[in-house]
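Peer 1: Chain by chain, the residues:
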Amino acid sequence: MVMTRVRESGGIPTTSASEPGATPPARPGRRLRADLVLLLLLLPGLLYFLVFHYGALFGNVLAFQDYVPFLGVRDSAWVGFAHFERMFTDPLFWSAVANTVLIALLQLIFFFPAPLALALLLHSIVGDTIRKFVQSVVYLPHFLSWVIVIALFQHMLGGAGVVNGWLADLGVGGIEIIGNPDAYKPLVVAQVIWKECGWATIIFLAALANIDEQMYEAAALDGASWWRRLWHVTLPAIRPVIILLLVLRLGEFLSIGFEQFFLQRQSVGAEAGEVLDTFVYYTGFASGDFGYAAAVGLFKGVIGVALIYAANRVAHRFGEQGIYRS
Amino acid sequence: MSRFAYPAWQGRPSFAVRTAKVVALAVIVALVIFPLWAVVSTSLADPQEVIDNGGWVIWPSRFDVGAYREILDGGIVTRALLVSAGITTVGTALSLTCTIGLAYALSRPRLYGGKPILLLVLFTFLFPPGMVPLFLVVNGVGLFDQYAALILPFLINVFNLVVMRGFFQSIPEELLEAARLDGAGEFAMLRRIVLPLSKAVIAVVGLFYAVAYWNRFFEAIIYFNDQTKWPIGTVLRQYVTGGAALAEGGEGTVSSPQSIQMAVVVLATLPIVCVYPFLQRYFVKGVLTGALKS
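Taken in sequence, the protein lines are chains A and B. Here the first sequence is numbered in this note's numbering, starting from 1 and rising by one per residue. Here the second sequence is numbered in this note's numbering, starting from 1001 and rising by one per residue.
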């Protein structure tokens, strides 16, 4: 969402360049010297991106090698696209793809609309104190780590957890949620809703606060009911935000997160719990098959860029800004 | 409820509607608060009571801080808390310094080479480094088994950078121009004009970094051979996913494993809850919403 800003501000400066106090255009050498302090300030940050992002980008050559840690990237044998060929015929890989896509779809259906609904509810609360209190409560889980969130879920829903204890007191049989492969996908979606739903309302609330009150007055004068005001005033007014977030979500469709799945994959087994990122982890770090793991990671990265590009095209077609301007 | 002024066009909703809203909000708040409550009370309950009750307690009949005393008694959890505190402090300071430097330089409109550098930085947002290649780089620069492996690979967050750069750009050019006429260099302008004006955004970005460093646990698993270097999140993961093994009494603990486990959860959560009100203050100020909106 922030990326939209970059576009407007990252372009050619129009106002400041024509300012009266500005120095006349100088030769590159003099500009370089004038900016020396700024370039020094920028250097550590730039180095960080070059080493840890572009270095890692270059490290993807691993995906085309039979990587042996002892030999390193320089001396390991090249294998061309062998890892990718293996990937396309690997049932474990396809199982991870299927789990990832299914969880992403469930997130899209259940997690995406939840913050919008909560934001509409919060926005309709007129009392400031109540609204602010609820907001500060529901934002909190966003700042807790996945380890804590999963510990909380285990404590509540686990075999020896609070809910099962209550059910036992009522004489009802327990429910098996934690560690149950069949319940895993709804569970992980419920976890992400618990953790992120409140935080995700922020952007919708900001959009709702910007709606012109006069539109509501006019609609009410025309006798529009609560439902018609929602449908004909509220939703159209925040449509750009909804589309932007939807596009962002679709662009990051495969990025369903790693830590949440890494922590729980063992408890349900690979068949139900393996997603693409955990597949990369277990192939690379547990089995030591670094080249193959890097190939799967690279494949996911390339699909990710393609999805962002496609989602952005769709946004432009809708007449919205999207993430960047081509 | 009448003390709240409903807009004239809306009128006062019916009793049923108001009740439904209040109930819905109460349920939502309870869903967030209750699990935290259950964890805190289990960690503070008498260990025997926890065992008798099957692993959890909602209303402890008496308080017992034995679990806290045990894990804070210089063992692995104590050490992990210190490691996390150190990584969070050093990491946040380094991250803020580098983010401010880069954001300020890139916010100057006519910086030499500014535009290509900006594109170089933003591109990384589209293509985050893969787990395996990043591991090779971290190893390659000699960070294996070094605390720096939990800091340097995450030094700058592009989101935070963009928020800060946007804020620096919103500072009126006239202010800087006046300082420039007084003969101030770029560094002096940053120190005397830009930074004092940007306290709020620096605080927010700093807290974001701090929370991220405190919560980081996965990297220690792949970068550290030496488990005594593990931060609290990684240790907590052992307690959470290895809960069964602990229950079999492998550690010879006095308290019930559940109260120990929950005490670790509480200690890992506490710093976050403590800085949370400060984060909140800046939401109210609208610094963050302003940045998010744009």
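Read the hints as simulated data drawn from the structure, not as lab findings. Treat the hints with care, as some may be off.
Unchecked claim - Non-contacting residues of chain B with respect to chain A, defined by C-beta distances greater than 12 angstroms in every case (computed):
1) I1058
2) A1212
3) F1217
4) T1269
Stated by the list, open to error - Under 7 angstroms between C-beta atoms, here's a sample of chain B residues computed to sit facing chain A:
5) V1023
6) A1026
7) V1027
What the hints assert, rightly or not - Footprint (simulated), chain A over chain B, 3 or more residues, beta carbon under 8 angstroms:
8) 1071-1085
9) 1101-1107
10) 1129-1141
11) 1147-1156
12) 1191-1204
13) 1275-1281
The model shown is predicted, which means the values in this text are computed figures rather than measured ones. Each residue gets a CB set at the ideal place from its N, CA and C atoms; glycine is no exception.
Peer 1: If a hint holds in the structure, say so; if it does not, say that too.
Peer 2: Here is how each hint holds up against the structure:
{"no.": "1", "hint": "I1058", "result": "violated, 7 angstroms"}
{"no.": "2", "hint": "A1212", "result": "violated, 9 angstroms"}
{"no.": "3", "hint": "F1217", "result": "violated, 6 angstroms"}
{"no.": "4", "hint": "T1269", "result": "violated, 5 angstroms"}
{"no.": "5", "hint": "V1023", "result": "violated, 11 angstroms"}
{"no.": "6", "hint": "A1026", "result": "violated, 9 angstroms"}
{"no.": "7", "hint": "V1027", "result": "violated, 11 angstroms"}
{"no.": "8", "hint": "1071-1085", "result": "violated (count 0)"}
{"no.": "9", "hint": "1101-1107", "result": "holds (count 5)"}
{"no.": "10", "hint": "1129-1141", "result": "holds (count 12)"}
{"no.": "11", "hint": "1147-1156", "result": "holds (count 4)"}
{"no.": "12", "hint": "1191-1204", "result": "violated (count 0)"}
{"no.": "13", "hint": "1275-1281", "result": "holds (count 3)"}
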